[in-house]
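Novice: Sequence:
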Amino acid sequence: MDKHSKACHRILPKRIILVRHGESQGNLDMAAYTTTPDYRIPLTRLGVEQARTAGEKIKVVVSEGERWKVYFYVSPYERTRATLREIGRAFSRGRIIGAREECRIREQDFGNFQVEERMKAIKQTRERFGRFFFRFPEGESAADVFDRVASFMESLWRDIEMRRLEQDESMDLNMVIVSHGLTSRVFLMKWFKWTVEQFEMLSNLDNCELRVMQLGPGGEYSLAIHHSREELQRWGLSPEMIADQQWRASATHGSWYDNCPWHLDSFFGRFHDSESSSSSSSEEESSHDHSGA
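Residue numbers are given in my numbering: position 286 of the sequence shown equals residue 280, and the series is strictly consecutive.
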């Protein structure tokens, strides 16, 4: 196989695992943001313990067989880098292909130093306005985060297609993304084509909670392979979203729109069963219009 053919032969990661950072000082006390830049907020002692436990959990998930490795992407914030350091304690050097800091998976920007009382009032306004489109003064909206996460995912696919992650066909590659709660939810939204309305229903990840996207036999990633229906419900996925995850878990190649008709229904409402019923309905409406003229 020549170099070009090798690059074009896509080897997909077996899993893409999203993990939120451990408990930070900001999670414990909002006043921390008034004196410390968000990107410098450290983990608490509990956060360090959570990160070590997360590393052990991830190792259990990825070590099904003998031949596996992990590759890490991490947000540049202190709390995410510290979380990665503790997660890494669960793995030997030979199991880690590499790690890369990625600025596009950083936390949503809430502005610079944050005055506690002002932020409480702003977040109450966000609840009335809607979480996805509300932009923090001097900061970002979730929609802004979506745009940079989408850019990151394009780079991610190029890394996969060009074998920059040193994929080996005989080895299960597990990709771990150590990031933040909203950023992880936006990542899932973009990946699974969830709507803004569906995003608004999602609950945030707990500190060091995992979301495991596993590759199914038909080449689709699904949360339903590793996670139970009850977990998906608890995270805020609707019955239609859960049905989509279950389809992806065992999907064969074909049209996503044909196999997941709920997606189109959410835009158009109920379709006519056939072209003839659509035509007859249009004729009836036309007749009614003429009779009333």
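Incorrect hints may appear among the rest.
[Stated by the list, open to error] Beta-carbon label-pair distances, calculated as ranges:
{"id": "1", "residue 1": "Gly105", "residue 2": "Arg157", "range": "37 to 45 angstroms"}
{"id": "2", "residue 1": "Phe107", "residue 2": "Arg61", "range": "32 to 40 angstroms"}
{"id": "3", "residue 1": "Trp151", "residue 2": "Pro233", "range": "26 to 34 angstroms"}
{"id": "4", "residue 1": "Ser232", "residue 2": "Pro211", "range": "41 to 49 angstroms"}
{"id": "5", "residue 1": "Gly230", "residue 2": "Phe127", "range": "16 to 24 angstroms"}
{"id": "6", "residue 1": "Leu40", "residue 2": "Ala137", "range": "31 to 39 angstroms"}
{"id": "7", "residue 1": "Leu40", "residue 2": "Gln227", "range": "37 to 45 angstroms"}
{"id": "8", "residue 1": "Glu160", "residue 2": "Met195", "range": "19 to 27 angstroms"}
{"id": "9", "residue 1": "Leu22", "residue 2": "Glu95", "range": "19 to 27 angstroms"}
[Said to hold, decoys possible] Derived DSS-like pairs (lysine-lysine); straight-line CA-CA distance at most 30 angstroms:
{"id": "10", "residue 1": "Lys187", "residue 2": "Lys51"}
{"id": "11", "residue 1": "Lys63", "residue 2": "Lys53"}
{"id": "12", "residue 1": "Lys63", "residue 2": "Lys117"}
{"id": "13", "residue 1": "Lys117", "residue 2": "Lys8"}
{"id": "14", "residue 1": "Lys53", "residue 2": "Lys187"}
For the record, the hints were derived by calculation from the structure and aren't laboratory data.
Since the model is a prediction, treat every value here as computed from it, not as a measurement.
Ideal Cβ placement from N, Cα and C applies to all residues, glycine included.
Novice: Determine for every hint whether it applies to the structure shown.
Specialist: These are the hints, each one checked on the structure:
1. Gly105 to Arg157: 37 to 45 angstroms: Holds - the Cβ-Cβ distance for Gly105 and Arg157, about 40 angstroms, lies within 37 to 45 angstroms.
2. Phe107 to Arg61: 32 to 40 angstroms: 48 angstroms, violated
3. Trp151 to Pro233: 26 to 34 angstroms: Check passed, 30 angstroms falls within 26 to 34 angstroms.
4. Ser232 to Pro211: 41 to 49 angstroms: Violated: the Cβ-Cβ distance is about 25 angstroms, outside 41 to 49 angstroms.
5. Gly230 to Phe127: 16 to 24 angstroms: Holds, at about 18 angstroms.
6. Leu40 to Ala137: 31 to 39 angstroms: Given about 32 angstroms between the Cβ atoms, the range holds.
7. Leu40 to Gln227: 37 to 45 angstroms: 27 angstroms, violated
8. Glu160 to Met195: 19 to 27 angstroms: With Cβ atoms ~38 angstroms apart, the hint is violated.
9. Leu22 to Glu95: 19 to 27 angstroms: Given about 25 angstroms between the Cβ atoms, the range holds.
10. Lys187 to Lys51: At roughly 28 angstroms apart (the allowed maximum being 30 angstroms), Lys51 and Lys187 satisfy the hint.
11. Lys63 to Lys53: 10 angstroms, holds
12. Lys63 to Lys117: It is violated: about 41 angstroms lies between the C-alpha atoms, which goes past 30 angstroms.
13. Lys117 to Lys8: Between Lys117 and Lys8 the Cα gap is close to 38 angstroms, so the pair fails against 30 angstroms, i.e. violated.
14. Lys53 to Lys187: Given that 30 angstroms is the threshold and the Cα spacing comes to 29 angstroms, the pair holds.
The structure does not agree with the numbered hints 2, 4, 7, 8, 12 and 13 stated previously, though it agrees with the rest.
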